[in-house]
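Colleague: Chains as they are written, first to last, in numbering that gives the first Met the number 0: chain A, 0 to 293; chain B, 0 to 293; chain C, 0 to 293; chain D, 0 to 293.
Incorrect hints may appear among the rest.
Repeated chains share a single entry, so a pair holds when one copy, or any two copies, can fit it.
Straight-line Cα separation of at most 30 angstroms, DSSO-like style, residue types lysine-lysine; simulated pairs [claimed, not checked]:
(1) LYS92 - LYS206
(2) LYS52 - LYS286
(3) LYS133 - LYS287
(4) LYS287 - LYS206
(5) LYS33 - LYS52
(6) LYS133 - LYS87
(7) LYS158 - LYS87
(8) LYS158 - LYS114
(9) LYS87 - LYS52
(10) LYS287 - LYS52
(11) LYS114 - LYS87
(12) LYS206 - LYS249
(13) LYS286 - LYS114
(14) LYS33 - LYS249
(15) LYS92 - LYS249
(16) LYS33 - LYS206
(17) LYS92 - LYS133
(18) LYS52 - LYS92
(19) LYS249 - LYS114
(20) LYS114 - LYS206
(21) LYS133 - LYS249
(22) LYS133 - LYS52
(23) LYS92 - LYS217
(24) LYS133 - LYS206
(25) LYS114 - LYS133
If you are wondering where the hints come from, they were derived from the structure by calculation, not from laboratory data. Just so we're clear, the structure is a prediction, and the values are computed from it rather than from any experiment.
There are 4 protein chains.
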Amino acid sequence: MKDVQNHSATKSFALNRVGISEVLKPACIQRPDKVVMLTARIDLAVDLPSSLKGAHLSRNMEVLTEIIDNSIRTPAESLESLCLRCAKGVLEKHEYATIAEVSMEAVYFLERGAKPSMESYLLFAKAVCSRSEKSRRFLGVEVSGMTACPCAMETLREKLIEAHGAREILTRLPVITHNQRNRVRIDLEIPEEEEIEADHLIEIGEKALSTPTYGILKRDNEAEVVLQAHRNPKFVEDVVRDALHLILQKYGHFPDEMQVRVCSESEESIHKHNAFAEKTTTIGELKKEFNSSL
Amino acid sequence: MKDVQNHSATKSFALNRVGISEVLKPACIQRPDKVVMLTARIDLAVDLPSSLKGAHLSRNMEVLTEIIDNSIRTPAESLESLCLRCAKGVLEKHEYATIAEVSMEAVYFLERGAKPSMESYLLFAKAVCSRSEKSRRFLGVEVSGMTACPCAMETLREKLIEAHGAREILTRLPVITHNQRNRVRIDLEIPEEEEIEADHLIEIGEKALSTPTYGILKRDNEAEVVLQAHRNPKFVEDVVRDALHLILQKYGHFPDEMQVRVCSESEESIHKHNAFAEKTTTIGELKKEFNSSL
Amino acid sequence: MKDVQNHSATKSFALNRVGISEVLKPACIQRPDKVVMLTARIDLAVDLPSSLKGAHLSRNMEVLTEIIDNSIRTPAESLESLCLRCAKGVLEKHEYATIAEVSMEAVYFLERGAKPSMESYLLFAKAVCSRSEKSRRFLGVEVSGMTACPCAMETLREKLIEAHGAREILTRLPVITHNQRNRVRIDLEIPEEEEIEADHLIEIGEKALSTPTYGILKRDNEAEVVLQAHRNPKFVEDVVRDALHLILQKYGHFPDEMQVRVCSESEESIHKHNAFAEKTTTIGELKKEFNSSL
Amino acid sequence: MKDVQNHSATKSFALNRVGISEVLKPACIQRPDKVVMLTARIDLAVDLPSSLKGAHLSRNMEVLTEIIDNSIRTPAESLESLCLRCAKGVLEKHEYATIAEVSMEAVYFLERGAKPSMESYLLFAKAVCSRSEKSRRFLGVEVSGMTACPCAMETLREKLIEAHGAREILTRLPVITHNQRNRVRIDLEIPEEEEIEADHLIEIGEKALSTPTYGILKRDNEAEVVLQAHRNPKFVEDVVRDALHLILQKYGHFPDEMQVRVCSESEESIHKHNAFAEKTTTIGELKKEFNSSL
Numbered sequence: 000m001k002d003v004q005n006h007s008a009t010k011s012f013a014l015n016r017v018g019i020s021e022v023l024k025p026a027c028i029q030r031p032d033k034v035v036m037l038t039a040r041i042d043l044a045v046d047l048p049s050s051l052k053g054a055h056l057s058r059n060m061e062v063l064t065e066i067i068d069n070s071i072r073t074p075a076e077s078l079e080s081l082c083l084r085c086a087k088g089v090l091e092k093h094e095y096a097t098i099a100e101v102s103m104e105a106v107y108f109l110e111r112g113a114k115p116s117m118e119s120y121l122l123f124a125k126a127v128c129s130r131s132e133k134s135r136r137f138l139g140v141e142v143s144g145m146t147a148c149p150c151a152m153e154t155l156r157e158k159l160i161e162a163h164g165a166r167e168i169l170t171r172l173p174v175i176t177h178n179q180r181n182r183v184r185i186d187l188e189i190p191e192e193e194e195i196e197a198d199h200l201i202e203i204g205e206k207a208l209s210t211p212t213y214g215i216l217k218r219d220n221e222a223e224v225v226l227q228a229h230r231n232p233k234f235v236e237d238v239v240r241d242a243l244h245l246i247l248q249k250y251g252h253f254p255d256e257m258q259v260r261v262c263s264e265s266e267e268s269i270h271k272h273n274a275f276a277e278k279t280t281t282i283g284e285l286k287k288e289f290n291s292s293l
Numbered sequence: 000m001k002d003v004q005n006h007s008a009t010k011s012f013a014l015n016r017v018g019i020s021e022v023l024k025p026a027c028i029q030r031p032d033k034v035v036m037l038t039a040r041i042d043l044a045v046d047l048p049s050s051l052k053g054a055h056l057s058r059n060m061e062v063l064t065e066i067i068d069n070s071i072r073t074p075a076e077s078l079e080s081l082c083l084r085c086a087k088g089v090l091e092k093h094e095y096a097t098i099a100e101v102s103m104e105a106v107y108f109l110e111r112g113a114k115p116s117m118e119s120y121l122l123f124a125k126a127v128c129s130r131s132e133k134s135r136r137f138l139g140v141e142v143s144g145m146t147a148c149p150c151a152m153e154t155l156r157e158k159l160i161e162a163h164g165a166r167e168i169l170t171r172l173p174v175i176t177h178n179q180r181n182r183v184r185i186d187l188e189i190p191e192e193e194e195i196e197a198d199h200l201i202e203i204g205e206k207a208l209s210t211p212t213y214g215i216l217k218r219d220n221e222a223e224v225v226l227q228a229h230r231n232p233k234f235v236e237d238v239v240r241d242a243l244h245l246i247l248q249k250y251g252h253f254p255d256e257m258q259v260r261v262c263s264e265s266e267e268s269i270h271k272h273n274a275f276a277e278k279t280t281t282i283g284e285l286k287k288e289f290n291s292s293l
Numbered sequence: 000m001k002d003v004q005n006h007s008a009t010k011s012f013a014l015n016r017v018g019i020s021e022v023l024k025p026a027c028i029q030r031p032d033k034v035v036m037l038t039a040r041i042d043l044a045v046d047l048p049s050s051l052k053g054a055h056l057s058r059n060m061e062v063l064t065e066i067i068d069n070s071i072r073t074p075a076e077s078l079e080s081l082c083l084r085c086a087k088g089v090l091e092k093h094e095y096a097t098i099a100e101v102s103m104e105a106v107y108f109l110e111r112g113a114k115p116s117m118e119s120y121l122l123f124a125k126a127v128c129s130r131s132e133k134s135r136r137f138l139g140v141e142v143s144g145m146t147a148c149p150c151a152m153e154t155l156r157e158k159l160i161e162a163h164g165a166r167e168i169l170t171r172l173p174v175i176t177h178n179q180r181n182r183v184r185i186d187l188e189i190p191e192e193e194e195i196e197a198d199h200l201i202e203i204g205e206k207a208l209s210t211p212t213y214g215i216l217k218r219d220n221e222a223e224v225v226l227q228a229h230r231n232p233k234f235v236e237d238v239v240r241d242a243l244h245l246i247l248q249k250y251g252h253f254p255d256e257m258q259v260r261v262c263s264e265s266e267e268s269i270h271k272h273n274a275f276a277e278k279t280t281t282i283g284e285l286k287k288e289f290n291s292s293l
Numbered sequence: 000m001k002d003v004q005n006h007s008a009t010k011s012f013a014l015n016r017v018g019i020s021e022v023l024k025p026a027c028i029q030r031p032d033k034v035v036m037l038t039a040r041i042d043l044a045v046d047l048p049s050s051l052k053g054a055h056l057s058r059n060m061e062v063l064t065e066i067i068d069n070s071i072r073t074p075a076e077s078l079e080s081l082c083l084r085c086a087k088g089v090l091e092k093h094e095y096a097t098i099a100e101v102s103m104e105a106v107y108f109l110e111r112g113a114k115p116s117m118e119s120y121l122l123f124a125k126a127v128c129s130r131s132e133k134s135r136r137f138l139g140v141e142v143s144g145m146t147a148c149p150c151a152m153e154t155l156r157e158k159l160i161e162a163h164g165a166r167e168i169l170t171r172l173p174v175i176t177h178n179q180r181n182r183v184r185i186d187l188e189i190p191e192e193e194e195i196e197a198d199h200l201i202e203i204g205e206k207a208l209s210t211p212t213y214g215i216l217k218r219d220n221e222a223e224v225v226l227q228a229h230r231n232p233k234f235v236e237d238v239v240r241d242a243l244h245l246i247l248q249k250y251g252h253f254p255d256e257m258q259v260r261v262c263s264e265s266e267e268s269i270h271k272h273n274a275f276a277e278k279t280t281t282i283g284e285l286k287k288e289f290n291s292s293l
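Chain A on its own, in the form it takes in the complex (with noise of 0.2 angstroms):
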């Protein structure tokens, strides 16, 4: 029978990135203290020769089903080790391709708050496996919380002052402003030799913001995280270098050429857009820069 894929395509450009996306399977995950079941979406490429007309996409769904669908008997131990063994899989069934990207997605549950109730987040993993380099794997998170707007406050801070007179008590108390759901998300590239937890990266994310949200809220609860985003008023860029420094606390061990990215979307309350920061960055650098800056 005619082999279509392997058909010499003359006069052909070979392609960065031939895969599947949007993916969807169960994917399971033993912790220490834990066994965590994930609906995962995947996303997964390989490069492909200019010689070949086709990456014979059905042996990729063969191997994220062997590997994925057999964490439900033996639970893998982490998803970006999960992403990293279908990439390997990946590269050894396609014998042409020199590189293989597996990612995936999930939300993910921890219990929080005062009155305990779960809480969601989104992880995000990702392994990048090639012949000619070391294989790399990656870790994000995003968490969801509140910001409270800093120079909003100083502003109506003076107004009130200016309209009200009492001056000492408007300069001690947290004043009007506004505040708003802001998703900061966290992205580190994890050693050869290290593991990281992903509910570190998520309280890194939680420390950032000027304050977590949760679900069940009674009225004192909810009176102490309103203090709380006021007392801790935050523009976008503080979320961001705030997740920064706290990177660099936890992580700044790992090897220069580690990969960092923080961004924070702020869903501005005032506004029908939104605000965010970013940035973008290695392990070397960020320790660079903070060095400079003492």
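Let chain A serve as the given structure and place chains B, C and D on it in line with the hints.
Modeller: For chains B, C and D alone, kept in the frame of chain A given last:
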């Protein structure tokens, strides 16, 4: 040639709605004071008797195309009249159908703010045409603005007074609370001989919120918006009820059977989930409720 | 402390639905043969009398959290029973409400295919609890598969015969046509003393399509799927009607008043827009229609 | 008044991108032969040095509003020049920033088809302005059309011949296969002194697919579209490579450093997931590859 669609399907069922969805078309509307170009997303449906296998969907697109593409040359008088003309046209082409429904959705802009800027809204129009009853038209809008929570404000007022004294000043001043984006949607059925303005529904939505929001806010404008929101704190329930009062004031003379729906959804800054309130009713029921509450 | 939510709002309106939306929770279900972990997206609403200003939304999350977070320790018997328990719990907590509605949506997986692989589906569950009437439960599924167009196939059969002759062979063979992804959704009300299986609704959806689709398709399997689709070409109208027949066969003994809704949406490969068909009815009406068509 | 945004943040990090996202604006473009009204979705970012706490985001909206709202009175010459003017304006207002980037996305329509109808496409424009380097402009389009799978067609040809004989006729005829919606996206950097037409990129996208698709298809047109797709079966890899060849033919005289990206994503009718192929390169690299393949 075999006409598969007219083929009588034995032992079959009548269908309520058969049609096309997610059609994108440019539509041009001539208002008294301006010409508006919209990118409309359109759904269209007719009923299908049990005796027919298929609904000749290509005719639907012919009708839509003839009527809507033509609006670029000769603007239509309104989005809902464009829906009505399409529904009528579809009913003429499908002699078997007894009812046709066409709905359209589009982003719409109005100039707003102390520093004028084009602000975005959503328009929703719908027409239902039947062989046995009068045609019906509906117009809806979605307005994005801000709500500040009245409940957290009162809790925090007490807490701050408890901790800092200064009862006199804190009783007079707006106090910190959570605030957030709130989308209020208003849908109203339009009587046969009347026309309504989307701009008026948008104004009702803006008034029903704690405050409208704006693209450009210099420091002073930002302070005013924040102050306005905190002087006018509202639950989602308040937004819906205040919009209903404004609808009664403006459209209370409409026939009793005209339908009204108001929904407010708040993207809570203290939670990862939303809060919402909704009322679906008629002008007649609304008047009855209002009078009995006097 | 001032209770803002109980404050009687004068001249106010009763609201049909006040609640929370887009809550994410992990939910655990124990089926006869397996334990299923779901990432559920939850909406919840109660009605609110005109005499009350606010609906105490924090109580809703307490109920959801207590009942759903608890399913992780003690799995629930089904997603719809989880909805029902939440709706009952919410009604108990809101003494003013006369009706409570809870709905959940989740991605769900079943092993399928000649090369077995976990295939994804959507589950929808809903429960409505009222003080005056019997509680109601609903279960729904969305199945993604393929439809091939019967109309274009017949047109092309004629055209190809016209151009190439070979009438005999072309009359016997499936001929080229457009085919595409089709999502069929089935929702069924469940009688009080009955339980139904989501897996059975999924099977009905898969049978109603031209063919189900699969993650892994080696060359032979792919050919069989394509062949099956072209031997079984279907309009969206056919998908809905065939699903309705299968529902009658399996659930025709359900009480007449049980609600049924089937919708098929085809992401037309020859158009940029979709085609859809829908029927909303009851078991009783469906039986009546079926009998009169005999 | 305290200027919170200029406050020097000690021990801080420079940020790559600080800005606003999901801004909606009406934009008006004057092309040689027509005036086009677009509903643009806009993102804007500048870099922020470590010495500054905040990026004065309100100035961004002033620039966008002045330039884009003004296009309604005096249409801009193109979407990418509108981006460039906004990026330049933002860089002027933010004396601390060294680079500004503005991107816009909009639905766009062209008349197409045997039965002419407005067909929808997506436009993407981007401009990057820096203090030290030449400004860069990019234009992109997304075209939705159809691909038919060449691999399944050959498998089925063999199977059908095996089962039914008639090798002679089945070798000459297009045979059944799976076909589906395919979105091809083309992005091209535009040299300083050149202008390109979005309509030409759209034509390239349409030619690269198995066939473009249309809103209105009467029986004969539908048959032609299906026939065209099956006479021209393509993998996602083929779509990308064919678009790259067409880009070289039309824009091969562009400077070597101009960037090119082509991506094709197929919403596979036989799978629940998508297949995709992508190439990111430059005009120079593309020419080199092409010449070496001769």
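Colleague: Flag every earlier hint the structure violates by its number, smallest first.
Modeller: 1, 5, 7, 13, 15, 24 and 25
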